[in-house]
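Peer 1: One-letter residues, chain by chain:
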Amino acid sequence: MGRVVLVTGVARDLAARFARHLADLAEGGTDIDKVVGIDVVPPPGELGGVKFVRADIRTPVVAKVMAVEEVDTVVHMGLVPSQRGTTVRGGAAKELNVIGTMQLLAACQRATSVKKLVVQSSTAVYGASPQDPAMFTESSSPRGAVKSGFRKDVVEAEGYIRGFSRRRPDILITTLRMANILSDQVVSPFGAYYESAVLPTVMGFDPRIQFLHEQDALNVLSESVVDDRPGTFNVAGDGVLLLSQTARRLGKPIIPLPPFGFGAAASRIARSMGSDIPPDLHRLLKYGRVVDTAALRDIFGYEPIFTTEATFEAYRQKVKPGLFAMIGGRR
Amino acid sequence: MSDEGFPMNNVPIGTRGKAGRGNATVSPSAAARSLAGGSAAPKKPVKKANAGAPAKNPPQQGGPRTTAKRAAKKPRTASAASKVAATKNPPQAGGVPTAGQTNAPRLRAVTEADAQAAATAAAATSAKRTRTATAAPLAAGIPLDEIFSAVLQGAQRVLGDDWEGRLAAILSTIRRRVTGDFDVDEFGFDEHITDIGIAAIEPLAEKWFRLEVRGEENIPQDGGALLVANHSGTIPIDGLMAGYAVRKYSGRHLRPLGADLVFSMPFVGQMARKFGATLACAEDAERLLTTGEIAGVWPEGFKGIGKPFVERYKLQRFGRGGFVSSAVRAGVPIVPVSIVGAEEIYPLVGNVPSLARLLGFPYLPITPFFPLLGPLGLIPLPSKWIIEFGEPIRTDAFPPEAADDPMLLFNVTDQVRETIQQTLYKLLVDRGNAFF
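These protein sequence lines map, in sequence, to chains G and V. Our numbering puts the first sequence at residues 1 to 331. Our numbering puts the second sequence at residues 1 to 436.
Source of the hints: derived by calculation from the structure; they are not laboratory data. Everything numeric in this text was worked out from a predicted model, so none of it was measured. Even glycine gets a Cβ: it sits at the ideal position worked out from N, Cα and C. Worth double-checking, as some hints may not be accurate.
Said to hold, decoys possible - Just the calculated beta-carbon pair ranges, DEER-fashion:
{"id": "1", "chain 1": "V", "residue 1": "T290", "chain 2": "G", "residue 2": "Q185", "range": "34 to 44 Å"}
{"id": "2", "chain 1": "V", "residue 1": "A199", "chain 2": "G", "residue 2": "S139", "range": "36 to 46 Å"}
{"id": "3", "chain 1": "G", "residue 1": "V319", "chain 2": "V", "residue 2": "R175", "range": "17 to 27 Å"}
{"id": "4", "chain 1": "G", "residue 1": "P321", "chain 2": "V", "residue 2": "G292", "range": "55 to 65 Å"}
{"id": "5", "chain 1": "V", "residue 1": "F410", "chain 2": "G", "residue 2": "T137", "range": "19 to 29 Å"}
{"id": "6", "chain 1": "V", "residue 1": "A199", "chain 2": "G", "residue 2": "V319", "range": "36 to 46 Å"}
{"id": "7", "chain 1": "V", "residue 1": "N411", "chain 2": "G", "residue 2": "T137", "range": "24 to 34 Å"}
{"id": "8", "chain 1": "V", "residue 1": "E206", "chain 2": "G", "residue 2": "T137", "range": "33 to 43 Å"}
{"id": "9", "chain 1": "V", "residue 1": "P368", "chain 2": "G", "residue 2": "E303", "range": "53 to 63 Å"}
{"id": "10", "chain 1": "V", "residue 1": "G292", "chain 2": "G", "residue 2": "I99", "range": "40 to 50 Å"}
{"id": "11", "chain 1": "V", "residue 1": "G292", "chain 2": "G", "residue 2": "S139", "range": "16 to 26 Å"}
{"id": "12", "chain 1": "G", "residue 1": "E303", "chain 2": "V", "residue 2": "K207", "range": "48 to 58 Å"}
{"id": "13", "chain 1": "G", "residue 1": "T137", "chain 2": "V", "residue 2": "F182", "range": "23 to 33 Å"}
{"id": "14", "chain 1": "G", "residue 1": "S139", "chain 2": "V", "residue 2": "P400", "range": "10 to 20 Å"}
From just these sequences and the hints, can you work out the full model?
Peer 2: Structure follows, in structure tokens:
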């Protein structure tokens, strides 16, 4: 009897790809037997060998699924920022992130078959503020009060996970704090931001940003499923880019907006261009955030393939060039 | 129109009313005009002679202003214009009450003779101005070859003999900046921009502040080091100068550690990061020091930089000694840096604490010139500066657990502080007058 992996949130592209990847691994002769995907809505694409169960993780149904399938590894990928054009929008995001995580953990605590929990968290847990150190390590305490939005969701969800680890010390828990994924294949906050023809920025601020390539994200996730890698790890591409640098590389003009009331004005501009700036980006576009991935190398044992710059270049070559690409953009 | 301001010529065209009666404001009376007429009279024949058309325009006809003006507005070259003026003049001459010879036309048609005279005069002056007199016939056109050779000479003078290569390098640099093809490190440090900034403040340091650097051999040539300096001057220009001195005398970059206020301010925070600054916190300090960078710290913080002028060169409390703990953990030497001269650039004589609190600043300075002269008050006073890098204090002899020994940290902090204070006194005596 092989292992059974449950993946939550498979209606979203990264989770769907990961579930498919696991199913391929299962066919390829690893000890993984079956991959079960779960979400409230059916996935838009083909899931391959993944068994899809339409269920809401905010309800106790998920416990039944675990019991029936005898799941031993749970991959929680349902912790996502709210974004237009996806299934997670507005107030529903908090419901899904916080209540969903609580229910899932409650189900895991009951289920005797569960041996491992892998959580796709986010570097948003560190926030973004002028009091931040240049690079966050996994032990950095978040600065500034947590007010609202996705960051609060992540902080609360990670708090529940810590509580869960105390109650079930026998379960291996891997928390992967992933930087912003940038890819033309995956819907992401920065992907939505860069879609705009002109990029609203905060006047007088040029944040440092880090990206994560989807391939690295999938590799880290599957490594933590296949092998045992307990702990909390930052996952990001090496190096940083400045926001102004990314705009120049894309050949897109920027509109500097005053810091006061930036969120509302920027969202309005972006919507008029047919794209969106998710509210989670507002503070990030002002102060930026960089994480230290030393633990990922030294303890987890994974060397990211793509640097931040390479990730951005891969993205840039897939998307339509910007307005200024003709006169000065990179080939 | 050559004699502007002369009373007679200020009579507006088309003033109606009887000639000879001035209205006391714009047109002078006849008496006034006749008084002035004496000097005006000799000018007219000269103008007439220049006009070169005395036969067509008899002097007695006088040229009523309306027609003269109309003629002047007509195409200048055409002799037809003067013909029109000539034919139209006789019927109107009697009708318009003019003041005889004093009413000679100020405006007249420009004739071909005029144009020729002007052309020859222009040619003569241009021939005089251009060095080569033979080039005079060409002066009317654009001397493309001369401009080209001037540009080449200018490029050679500015960029040196290999100006082609340097120009290409500059252009490629600009292209890389525009296309975003440059690297910054994790702290946001942009080496290229920093070197440009250091070149930009060189005149300020060398000519304005007459910066003198002592003990530059104490800056470590390699490996991490923590530079600890006194802080003063209302605006942290001493940080810029220390960075300049370190870059100039050791070729390395100083990575300043700044307060979080710096990074919350628009433009300032952005530039600070690009110039290599980062937040003054234990994590960043240790990260910089363990990677072998020279970090600079000003432990007095706002207490030092915002202290009143009467307390100049009196060191404030040196924070909580966190910098020593970072240096001990990283095992790097502490270099005490004494900066003399920064206190006088903006003598802080007053403070508005309530307004400062409202705006979220630690202090709101009043200097003898600042709010009084507006932006001019932001020019730093040209005090004379001395920066002395002191003997490094080694910390690698301490065991790692010493970083958590408060008594040892306080002792080292005091040692650094006393060293800087004594050096400041010595440098002040050496410097003498603050400005000369």
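Peer 1: Take the hints in turn and mark each one as holding or not.
Peer 2: Structure-based check of all given hints:
1. V:T290 x G:Q185: 34 to 44 Å: holds (38 Å)
2. V:A199 x G:S139: 36 to 46 Å: Once the Cβ atoms are compared, 40 Å apart, the range 36 to 46 Å for S139 (chain G) and A199 (chain V) holds.
3. G:V319 x V:R175: 17 to 27 Å: holds (22 Å)
4. G:P321 x V:G292: 55 to 65 Å: violated (40 Å)
5. V:F410 x G:T137: 19 to 29 Å: Taking Cβ atoms as reference, F410 (chain V) and T137 (chain G) lie about 28 Å apart, which means the hint holds.
6. V:A199 x G:V319: 36 to 46 Å: With Cβ atoms ~37 Å apart, the hint holds.
7. V:N411 x G:T137: 24 to 34 Å: Given about 30 Å between the Cβ atoms, the range holds.
8. V:E206 x G:T137: 33 to 43 Å: holds (42 Å)
9. V:P368 x G:E303: 53 to 63 Å: Cβ of P368 (chain V) to Cβ of E303 (chain G): about 60 Å, so the range 53 to 63 Å holds.
10. V:G292 x G:I99: 40 to 50 Å: holds (48 Å)
11. V:G292 x G:S139: 16 to 26 Å: Holds, since G292 (chain V) and S139 (chain G) (Cβ atoms, about 23 Å apart) stay within the stated range.
12. G:E303 x V:K207: 48 to 58 Å: Between E303 (chain G) and K207 (chain V), where Cβ atoms are some 51 Å apart, the hint holds.
13. G:T137 x V:F182: 23 to 33 Å: holds (27 Å)
14. G:S139 x V:P400: 10 to 20 Å: holds (18 Å)
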